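> For reference, the chains in residue letters:
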Amino acid sequence: MEAFWIILTGTLVATSCGLLGNYLILRRMAMMGDAISHAVLPGIVLAFFLTGTRDTIAMLIGAGLLGVLTTFIIDFLHKRGKLQADASIGVTFTSLFAIGIILISAFAGQVDLDQDCVLYGEIAYVPIDLWISNGGTILGPRAIWISGGVLILVLLLISLGYKELYLTTFDPSYAGVVGISVGLWQALLMGAVSMTTVASFESVGAILVVAFLIAPPATAYLLTTRFRTMLWLTVGIAFLTSTGGYVLAVAIDGSIAGAMATIAGILFAIAFVFGPEGGLMSRRKKQATLEESTVSAA
Amino acid sequence: MIKHVENPVLEVHDLTVSYARKPVLWDIDLTLPQGSLVGIVGPNGAGKSTLIKSILDLVPASSGYSKLFGDDLANVRRRVAYMPQRESVDWDFPASVLDVVLMGRYGKLGLFKRPRKADREVAHECLRKVGMEAFAKRQISQLSGGQQQRVFLARALAQEADLYFMDEPFAGVDAATEKAIIGLLQEMAEQNKTVVVVHHDLQSVVQYFNWVLLLNMRLVASGPTEQVFTNELLQEAYGGKLTLLTEVSELVQKGQFAAREKQGYRG
Amino acid sequence: MEAFVEFFSLRDPNIRYVVLGTILLTASSAVVGTFTFLQKKSLVGDAVAHAVLPGVCLAFLLAESKNPLLLIVGAFVTGWLSLVVIDTITRNSKIKEDTAIGLVLSVFFGVGILLLTNIQHSGNAAQSGLDSFLFGKAAALLPNDVRAFGILAVLLLAVVGLLYKEFKILAFDKNYAAILGLPVRALELTLTTLTVLAVVVGIQAVGVVLMAAMLITPAAAARFWTDRLSIMLILATTFGVISGVTGSFISYTATAMPTGPWVVVIISIIAGISFFFAPRKGIFFRVRRQMNNRRMILDENILKTFFNLGENDHSFKEARSWDQLLVERHFVPRRLRNGLARLRRQGFLERQSAGWVLTQAGFEKGKRTVRLHRLWELYLTQYLRIAPDHVHEDAETIEHVITPELEQKLQEKLGFPEVDPHQSEIPYR
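First to last, the sequence lines map onto chains A, B and C.
For the first sequence, my numbering assigns the number 1 to the initial residue and increments by one for each residue that follows.
For the second sequence, my numbering assigns the number 299 to the initial residue and increments by one for each residue that follows.
For the third sequence, my numbering assigns the number 566 to the initial residue and increments by one for each residue that follows.
Note that these hints are calculated values from the structure, not bench results.
Predicted, not measured: the structure shown is a model, and the values here were computed from it.
Just to be clear, a hint being listed does not mean it is correct.
Unchecked claim - In silico DSSO-like cross-links for lysine-lysine, where the CA-CA straight-line distance does not exceed 30 Å: (1) C:LYS846 <-> B:LYS320; (2) B:LYS406 <-> B:LYS435; (3) C:LYS661 <-> B:LYS552; (4) B:LYS320 <-> C:LYS605; (5) C:LYS661 <-> C:LYS739.
To be verified - Selected chain B positions facing chain A (in silico; Cβ < 8 Å): (6) MET299; (7) GLY405; (8) LEU441; (9) TYR536.
No residue lacks a Cβ here, since even glycine has one placed at the ideal position from N, Cα and C.
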């Protein structure tokens, strides 16, 4: 049963992250995902400190604000400060993350949060952290409810805004001309990324969440040329990542989140070498056929 | 030679456009008649694409404005179609030809609505017009440059607009395709639709367009092709940059001036 | 205060080691970071930094001790590997660079975390302190470490010194470097190797998680102060060292505090100050310059209005009243009052009982603005074919921008014309 809850949580988290990650990698904003996942840390710590509990709503608000602030600062440094884009991202998220770590050290003992949690989360404790209703009924692990709720929100966003997100990702200027607000959908997407990052934070930590954001969609991207298929594949890969990660972690006695990231990397490597779309093998083959045809033409 | 018309389908009024405060288009003032097939012609870096991007609000104007059908763009978006340059998107994007053409219907659909059967029919019809019907299911990454261009054209057609802006629709297409496309555009103009095309091949201007804009940082000429496409005006448009204008542009940029004094600050 | 004196007097040999170590570590990352910054490859450093963690862990697993040399080798190998992987992915698939960086960064780090937790769970006593590689612990630098990392840092700085000229061209314009016949590929390879080395050297003090900041932020801050590479390198190094030493001081006094975050916060503060207050490029400076421009435009417009009034009734020596000025041009009253006072202080206007009157200097300045306005209007109609009734707005701005040299050119180009497109006389000296 314990394994079930952990794998389920991992799958829910990886699915929410991966679905949003599809948009991030196609928009060439993968590093924005990286930046936001780091930068929400001070928001989490402050919310933690102010409420004194792991009140999820407060954390979501605190970190959500930080997520929006991060995109704002990066944009400000880039546009008003004329700092090149990559450096704007780098400067912003490292400083915010550093502040978060300092806050954790300073409040150590007062908050139930430590560096380990930041680094690789506490997914192993998911089964014992139960949500008990006022009537005393046990409703199952809290993390399931949180990550499940977030997944529903993510699904709502990408199904209701399917064509808007699709078009603003593929061709933003055309979207602007036909009257779809690029800025609005960008903000919604970034808001969803912040929220998902925060909700995943307790399970997998602030850094490994990046692996969940990027690796499954990148793998799916190598396996298909259809966007819908890519989304579905992401879900499947999320499940494989979570299950495989749990098995690996148990086998070698290490961090479950770290093992999940490792599996995500291995799945990508397999797709990269053997995948039909842009996999190393298929490229070789294409090249070979190309050479053959040129030879026969000559 | 700048000819103005009554009841224009497009009016550009004293439009100045700057990139990073540096003016790249100066005081463009023109009107276009309905039903014309317009070629925007000028040397590289003349600001041809910038002009249509500014009209479409993709690049902000430092001063001046554009009116389409006598109205602001926001109120007439459904009557305006755009075909960007092929290079503006990533063709590795996971999408099929039909997916892309259907995007032309998005503006008409409104929030939360999915394309319906009727939209698919329009999309297929537009693909047929550009001779790409057989490719509807093909992934866009597998298209040649000319085919990509035709897909974008079909997408613009699917908007079923009255005013079309096309950024170099003939770049990278073979002669047969170019002929087919221009036939299509001429047909549209005959149906009283207006088509504005950024074009860089001087050889074909007279044959293709009935109205020409000569552009080189400023508007050199605008009018019916036979009146505008003269040696004298072409020489003026292509006869090198106005160095003085370039120097002033750079001064404006360096000094961090607003390209125009804001009306409120009028001192 | 006591701790401060004790730390910065460097009497304690341990402290001396820590300070020396930190200086070398931060200096090397600042120097290498400047080049990666200029090549716009800042985030690659982030990937390398995270990717050294599995190397450190593997080296420990193999050696079962924290031998600095082995750890360096391990870190170097996986750091390098991460770059090779990023390169392979972007070259051989449709995956874009940002995705490849994020992927490699997080997966390598995940593997590192897996190994690290595995080591921690194994109960090996020698492992304690291995996690200081995550967030850095400068105060825990041992003489042995300082020697190993220090030698590396010196080596690195020496290589940069030797190849300074080549790196400069490479960072400035890669294609140009190729045309000059420089071995671009080999140079890039050297620079990437140096980046990995800088990361390997720096992690002891700052930790892998925040190492990227030590590569990016000093360079970004220095960029705001100068356009010259040599000065930029010196500034970046100085900024890096200041933050490094301060950070290790804090970690020395508050032992529970990891060094890395403090170093990063301090360098970020320095960067923040640079972004806002650096002369010429800082945000405040640019805002102020825009305000000065606006003021200058207002002043010239006031003098121009006096000149126009003088033209109207052929008398430039007459005093003009407040109302007269406002009728001639739509000034914002508050701005007009400030402008008049300022122009009087500067000697362009004199106050008389009936109002204000132009001095000789004010007359000349007003005349010049009017001249430039009319010359530009003429230029626009003649060369840009803009209708005479559309040129006024544009000239309202450009009259304030044109320099004396351009004025000369404009006059020559137009052949010292007599009148503008509206048949108003162009006033020359």
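> Taking the hints in turn, state whether each one holds.
Comparing the hints with the structure gives:
no.: 1; hint: C:LYS846 <-> B:LYS320; result: 17 Å, holds
no.: 2; hint: B:LYS406 <-> B:LYS435; result: 23 Å, holds
no.: 3; hint: C:LYS661 <-> B:LYS552; result: 35 Å, violated
no.: 4; hint: B:LYS320 <-> C:LYS605; result: 24 Å, holds
no.: 5; hint: C:LYS661 <-> C:LYS739; result: 21 Å, holds
no.: 6; hint: MET299; result: 30 Å, violated
no.: 7; hint: GLY405; result: 3 Å, holds
no.: 8; hint: LEU441; result: 12 Å, violated
no.: 9; hint: TYR536; result: 28 Å, violated
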